[in-house]
Amino acid sequence: MDVRDTYRHNVLTSGHRACSGCGEAMAARMVTDIIGPDAVYINATGCLQVFTTHNQQSAWQAPWIHSVFANAAAVASGVEAAMRANGKDTPVVVQAGDGGTFDIGLQCLSGMIERGHDVLFVCYDNEAYMNTGVQRSSSTPHAVRTTTSPPGRLSEGKHHLKKDVISIIAAHQMPYAATATVAYFPDLKAKVEKAMSLKGPRFLQVLSPCPLGWNHDAAQTIQVSRLAVETGLFPLVELEHGAVTGVMRLARQRPVEDYIKLQGRFKHLFGSKGGAVEIRHLQALADARIRRYGLLEADTEWTTDTANQVQRRGRGGYARVSKGESQ
Amino acid sequence: MEGSHAVAEAVSLCRPQVVAAYPITPQTHIIEHLAEMVADGGLASEFISAESEFAAASIVLGAVAAGSRAFTASASQGLLLMTEVLFNIAGLRLPVVMVCANRAVGAPINIFSDHQDSMALRDAGWIQLYAGSNQEAADTIIQAYRIAETCELPVMVCMDGFFLTHTFEPVDLPGQDTVDAFLPAFHFARTLDPTRPITLGGGSEPDNYMEYRQHQHQALVSAATEIENVNLEFAQTFGRDHGGLIDAYRLEGAEVVMVTLGSVMGAVKDVVDSLRGQGQLVGALRLRCFRPFPASALVTSLCDTGCNAKRIVVLEKALSVGADGIVVTELRAALHNAGMAVIVEGFVGGLGGRDLTIEVIESVFRTASDGVSTRCRFAGLKPESGDQSTMGES
Amino acid sequence: MDSQLHEIRFHGRGGQGAVSAAALLSLAAFDDGFEAQAFPKFGSERRGAPVEAYVRISTTPIRRHNQVYQPDAVIVQDSTLLRSEPVTAGLAEHGLVILNADRCPDELDDGTLRWICLPADQISETFLGRPLPNTVLLGALAAATNWISLAALEQAIGNHLARKGEKIVSTNIKALREGYRLTHELENTS
Amino acid sequence: MSRLSFEAGSSVAYHTGDWRILRPVYKDKWPPCSQTCPASEDIQAWLALASDDQWQAAWRKLTERNPFPAVMGRICYHPCELSCNRKHLDSAVNIHGVERYLGDLALEQGWRHQPLNKKQQTQQVAVVGAGPAGLSCAFQLVRRGYPVTVFDARSAAGGTLHSGIPAYRLPKNILRREIDAILALGIQLHLDTRIGEQRSAQSLQEEFAAIFLAIGEQQPRIYTGNDQSGHSIMSGVDFLRRINQGEPVKMPRHVAVIGGGNTAIDAARCARRLGAEVTVVCPQDPHGTQHGHPGAEMPASFEEVIQAEAEGVRLSYRLGVSRLVRSGEHLSGLQVARVDQLHDRHGQFAPKLFEGTEEFLSAGLAIFAIGQEVDWHGLERLRDSEDSNILIGGDAAGKPRFAATAVGSGYQAAMSIIACLTGIPPVYEQHEKAEVSINDLNLSYYPQSVRQEGGVVADRLHDFDEVITGLDKTAVTHEAGRCLSCGVCFQCDNCWHFCPDAAVIKQDAGYEVDNDYCKGCGICAQECPCGHIDMVT
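Chains as they are written, first to last, in the numbering used here: chain C, 1 to 327; chain U, 1001 to 1394; chain G, 2001 to 2190; chain E, 3001 to 3537.
Hints may be right or wrong, so weigh each one.
Listed below are the simulated DSSO-like cross-link pairs for lysine-lysine, each with C-alpha atoms no more than 30 Å apart in a straight line [claimed, not checked]:
hint	chain 1	residue 1	chain 2	residue 2
1	C	261	E	3087
2	E	3473	E	3172
3	E	3172	E	3250
4	G	2041	U	1382
5	C	189	E	3506
6	C	189	E	3027
7	E	3027	E	3352
8	E	3506	C	194
9	C	261	C	163
Using C-beta positions, here's what the derived DEER-type ranges look like [to be verified]:
hint	chain 1	residue 1	chain 2	residue 2	range
10	G	2184	U	1274	51 to 61 Å
11	U	1040	C	132	42 to 52 Å
12	C	132	U	1304	47 to 57 Å
Worth flagging that the hints you see were computed from the coordinates, not collected in a lab. A quick note: this is a predicted structure, and the numbers were derived from the prediction, not measured. The beta carbon of each residue, even a glycine, is placed where N, CA and C say it ideally should be.
Take the sequences, apply the hints, and build the full model.
Quick look at the structure:
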């Protein structure tokens, strides 16, 4: 796939105050650039809203509104209704974190989808309430350390499982729901473009690593998100009208340890008996997801290898043609 | 026609492009009628059945921000569920118009009317206009859009649940052309529009939040003038004057003045007539506008226009639990600030739909002219609750 | 001009149309040149449960929005309500009770009130095919008082029920007239 | 004054670059293939061009440093492939296969070398030796406008390429056509002209402004021990030259070839083609590994060794010759013994034999391929001159005896000569010399792919026809596309896509970091597939 020829709008431009290596900033920049500035963006409360708007400074170069935490989908419903009422077809896009999607925002999201609003809802899933300092959300995976799911004498981190929100959303029988992540940009791009080509409610869950909350090296954001996929913990799937219509096959399955060892939020699992059990549990969860979606045997050319393949224009290499024969 | 029906028709005359609501007694008839009008094609509007009041408020927020005139309505629990969004709408300075079909707030759950719901939202930054009749409710809707869109402030039109919403009364609805001339097509400067991208609802810090609030406060205070002006223009256009900020009744020479809000004013007027007939110098004043609080209009009415108020009695359908009636507290402050030495007594009554009967209103006037207490008292308590005079003192 | 205020209370059961009847009456009164107000007993409506509705008719504008405590007339849509509801509460001496019943219950008719009992169910069944006593009872009210004219009620039915079709309007007007006629007949015989 | 809305994009007033500790720097590096290429070819560049179907541009890029792609694509032992980082992912890129294809394509299409500048220099340069070093030097000089005259003692140009490489590896017409293409630039070639005999060294000094001596190593070393007979003994170089010149060589039934280099393997394979049973006696283990590379112990190309074995050449290794065994004049065989160690204390190659491990190896002819020496006869004057305008290169300079090394040496000589003649020191391209190791690459972005190999002719012992067939166009494109482009940006846009701060700005060719906003997270460097980005303080 040709990802190079995308015109870069910088819908989310520089000068925002996201942490160094922020996966959500990256994801939002990618998604909004693919959609472009000719859209209205509604943002739930959360990191993205906080770090992009600060004291009269905005990093957005498209019409953008933030209201409150829970209501982004409802505000979008209103914006979309206004567009319809005014005879415009300006796309309407919601951006929310996992709190604004899985938890406090779920009701408004469900209402928006049920009413069939022509809105793309994008969830940047960083698996905890990062804006308030890393508290667990219903998206936080099992056994993860957060400030409200601390490991201790009686605990190995979060007791509960990550909510399977894509299934909940897809169960609305909506036109399109898909998962993506910041790694595999061609995949993300294809999904955003697919979503934008459809009418009605659409949903994208974009796994967006948080160097702060996941406690990984800022430079590892892509690597971590790639491993989330390659281990099977975060399947990349597409659902249309409730049915699975696409998966990204794993060219090879990586053990979950490869993924969790890069992240401090799993560190407590290493070196203890209870932790070892939880690691096996996480492996079992990954295996189950792989089986559920057929991630190893799916009949598709779209794999973690092909989706990773970058375009090479070689012009950097060619550049030397011009200066190479200077003597 | 039914009050709800009249209000729905008035809303329709204002041509809202988006209507969003979640049903709650006693607001339901308003939105049902709007839904019917949309379904019949009489009203060209997007009617959105929200999944909660919280969403309904959010939808109109989005709709107005995206350049549409919008309407919602709620009451009681629903209004409180909207609370976060209502503050937000005001903070964003979006000209939303809504109706609050005033209803008590649980627990205990109670579907009947009082003002506790909208009073709880008094600090939200909305203009609050309380209607005394169905005609006024309908007319106020039309005025509210004018005020909201001129001042870039949201307006809540409060009408008593059941007492108004479910009551059939003659209502004169203006023609569409007249309304169109009075209320120009919706235009909002800060519309979400890709051709002029702006950011709404961004973050602020200690170094500018206060100025922002002060600015908002100033806008609300200044809106008082606009409310008066719009009322005058409305009266000229439509021939009906409901009072701008306040609705004063027989204040000439009045020594005891009852101050109240909402639909009870009709009965109060009947009582004033009756007591005047008995030679008592009483008058009444209704706060049509509670936010912005019309302090100077009140002071002017109560001391400058032939009124001789020695004693003011406030009869209101809400209280700040543990403190006092809400209106009485603010009125005392306003009069005190104006240097007026006048006794102001507060009565809380009509809670949870308890009817403020002619007898109760009369007894409030009587108690006021007898008593000296300035403490919060309850009007219309049942005798078995320990107070033989149906007055309870806190 | 002195204010002349008439307050009428309707007793019925949820689904029988007491509120509609009250609204219809207020509309008719307004058409007749009076000020009028109608409202239900406030609260949620449950099918079959006792309901009340009120109408005020006045020569001067009606300002108050209180409930009605001392009606000048009561219209009872269902005689079974007599068992549970204080249908005569607040009525002054010689206050009017219009009851949907074949005959007046002797134990209640102690002479302090003015009872008009007519089989509105049967009459409405004859004309409408269903026991919908409202218009019959309104006809009775027009016959028993001078608060509202038969013509105004006919016009209100015409306006109010127009959406439901020509036939509904005409049959209801017939039922109204029958209630009016029968009441005159009853009043004249008593 | 508080505003009710924020201006779009107003955040750019806030420079998050102040947060940065490390900053990314884009730096072209010299990939390991080029670092190890004796001719310093810009392999990555011409592979990139070839993968993009820019065949002629690829050939021109290649021939900037090496005018013999068709030759080298066949005979070079491609150390580039040994160092290729791709081997850690699956297997090295078939670089020489692409090179050969480009060379053959150029011959087929008749592409002509172009002079680099039109300006003609007046200073004449003499090149002694028309082997790969001499012709490489002449090529570089003549393209830059210098009139060059090449002298060679032999009657055919090509040096060892002509005399030492068997035709089954390098068909004669390929060599001839590539040399013709070089000469077509306007080089004067004087064959059968031995300096010191037909021309005097002094006349060269007088006539030419600079002289490059690239006479090769033509004097073979032969181990004979005490044996002075010289019967049934031959040097590998002579043996190959005779074969290449079509002279008949009588073959006994058993032939022993002594040596572990390519000459030994070539000689063995030629003897095999002439019908002999051939045993190669060498001290090195041909299958021994060094640093994980099979065949690295023995100087000969591993592929050639494999080919030789496939052709029935017997390899007797870890052996050294202790003496020749004769029956009368005739050689009956060799006494060989186990090798104790290969190198002496100074690291010099000096195999030492274990006493008492001797065995007999039957052989009617012993071909010694244990090295050559330079024959300076008649050229001592020039060799010993301290003038900076006289340079020595190629094998004669004592470099490892790879044809590609000679080519590289020729290039360096040309640069030095120009520097000497112009007085301007040579300017070399500035590349980061730091090794681009596998750890500098992000292999996630390179899907595995199977290396395409040239074909091998099955029936090949009956003649000297070429044994290895070249890659076809599809395979060449595939192989060129397998290049990881180590250290050289190929504009995949990863840095541009992944920067959370939109601090990477795309340029016409490449990218630039906007230091006003870059927070230094390092994602660009981490996700750069080819290790082109460094994080620096």
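Original post:
Looking back at the numbered hints, which does the structure fail to meet, lowest number first?
Top reply: Result: hints 7 and 10 break, sorted rising.
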